[in-house]
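**Q** Below are the chains, spelled out letter by letter.
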Amino acid sequence: MVSEYNNPRTRYYIYAVAVFVSFFVLLPIYILVIISFAPSSQTIDIYYPYLIPTKLTLVNFINSFRGVGTLLEAAFFKSLETAFIVAALAILLGFHAAFGLNRLPLRVNSTLIGILFFSTMIPSITIAIPISVTFLKAGLYDTSVGLALAQELVVLPLTVFILMGTLDSIPKQLEQQSRVDGASFFQTLYLVIFPLAVPGIVSAFLLSWLMSWDEFTFAALISPVHPTLPFLIYLYASSRGGSILTGASFALLVTIPVIVLTIILSKFIKGGYLTSGITG
Amino acid sequence: MILPAVIYVTYLAFYPAIEAVYGSFQTIRGTYTVYNYQFVFGTFGRIEFPALHLSIPTPIYNTFVITLTALVLQFSLALIIASLLSKPFKGRAAFSALFLIPFGVATVVTGLIFHNMFSTYGGYANSFLRAIGLRPINWTGSYWTSTIVLILADAWKNTPIVTLILLAGMTSISPDIYSQSMVDGAGVFQRFFRITLPNLKGFIVIALMIRGISEFNIFAMALLVYPYQLLTTMTYALYDTVNAHPSYAAGSILLAFVLIFAVIIMTYRGRYRGV
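Sequences listed follow chains B and S, in order.
Using this note's numbering, the first residue of the first sequence is number 1, and each one after it goes up by one.
Using this note's numbering, the first residue of the second sequence is number 1, and each one after it goes up by one.
Capping the alpha-carbon separation at 20 angstroms, the derived lysine to any residue pairs in SDA-like fashion look like this:
(1) 87/S with 15/B
(2) 55/B with 127/S
(3) 87/S with 20/B
(4) 172/B with 1/S
(5) 90/S with 13/B
(6) 90/S with 17/B
(7) 87/S with 22/B
(8) 201/S with 261/S
(9) 201/S with 189/S
Bear in mind the hints are in silico, worked out from the structure with no lab data behind them.
The task is simple: from the sequences and hints, build the whole structure.
**A** Structure below.
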């Protein structure tokens with residue numbers, strides 16, 4: 001096979017671009033770390049901050065958590081709770097929808113997929129205001145459940161697409177076999193199909209979890225009084241003055257676990273997931 | 001079994017959307033009016049194009065500028081990174097995990113970092129410019145520098161997702177086609193424009209759809225690093241629990257733009273369904 005990959009010059013270009021891209025990917029993370037760990041006299045309190053700090057300190061972190069420990073704790077648990085409700089609900093609704101969509105005739109199927117896909121086009125901010133008005137009346141305003149119900153909109157179509165791809169790869173014969181052996185429809189669904197779909201379900205769960213953890217628009221409009229972590233960080237970052245340090249410390253706290261999760265998940269996060277439901 | 005999911009999105013997405021459009025034509029007393037729209041456009045000024053005899057409301061103009069520039073930047077970068085990742089080289093596994101990192105960093109955190117990098121006082125961008133002997137720039141001071149900061153921050157966060165989609169497309173192109181064309185004497189650029197791009201069209205359209213819509217909806221990042229009004233931040237600025245009707249109007253305008261964009265892309269996609 002003819003190939004240029006072994007050409008040393010091509011290889012040189014590949015590494016040059018890879019190093020260049022890596023540098024720009026890591027640079028903002030580096031800056032977040034030094035703002036959090038260098039003394040403020042070398043970062044935000046001077047006109048030209050040190051590109052490489054000469055001293056590291058934990059003072060920013062300690063100060064950040066001293067004053068607002070309970071606020072942070074509340075926001076952390078609210079984010080966590082919301083993200084788990086969103087992810088669990090996404091699997092519950094998404095698994096059944098995906099199963100059904102795979103079984104339907106093509107014409108009906110594509111109409112329903114169209115409806116789901118169309119719902120993701122509606123801007124969050126347009127519907128967040130009417131939703132918050134409705135939730136105020138229903139007593140769901142500012143609660144984790146209410147926020148999760150709204151965030152679900154962003155997550156659900158994607159979950160359905162991922163699970164459709166997963167369920168499609170499970171042979172139909174297995175299902176027929178289990179029916180022949182006397183299992184009821186729901187036994188087949190939960191005891192045969194569900195376990196086989198676990199890899200796809202796990203990645204759909206984690207992706208929904210991540211999206212909820214990051215979600216801002218609904219959080220800002222539906223739960224502003226008891227904020228989630230992203231909105232709390234925004235409140236700190238947008239106010240001028242020393243509290244940017246608090247914002248940076250919180251931001252680092254939010255970011256590290258998610259970066260670890262992203263790297264672990266990088267095998268599962270594939271562009272194919274996003275396109276499978278649409279190209280299919 | 002599909003019904004719960006469909007009822008769900010209907011009740012919580014379509015119904016509120018209709019409510020917003022309906023509410024945008026109402027006054028607080030329930031009578032009908034177009035005053036909300038006049039108010040929305042009157043509040044944030046217009047930008048004049050004397051040569052074209054045109055004047056566009058500023059938030060709409062800004063939204064267009066940001067969406068277009070951000071898409072161009074992200075797709076150019078994503079094409080470069082995807083073609084890199086489609087080639088075998090030592091360390092590719094590590095690089096493909098590394099370039100995904102921004103995908104996991106929350107939008108607000110990205111906004112916070114870029115806000116800090118480009119602030120006039122204590123900003124790292126200026127520190128760097130001074131270190132290499134250039135004059136510092138007042139990033140937040142002018143329209144174009146603010147725009148650059150916003151699209152850079154947005155590109156940092158969102159290029160990975162575009163890259164993933166384009167990469168899925170590139171790996172679906174058979175390597176035989178490339179070998180064959182090389183035998184026939186096609187150069188790097190010919191191969192890119194004659195083979196890679198045409199074969200990627202379907203994937204580019206999907207990525208355009210996903211990113212384009214989110215680009216219209218850019219919100220948290222804009223609140224943090226962009227001092228001018230976009231359609232989204234305008235909606236938020238007008239939000240008032242006492243009288244939500246002006247913000248309904250702003251939201252409806254945004255909805256209209258997203259739908260027009262989607263229809264254009266869909267029409268275009270229809271022509272390349274064969275991919």
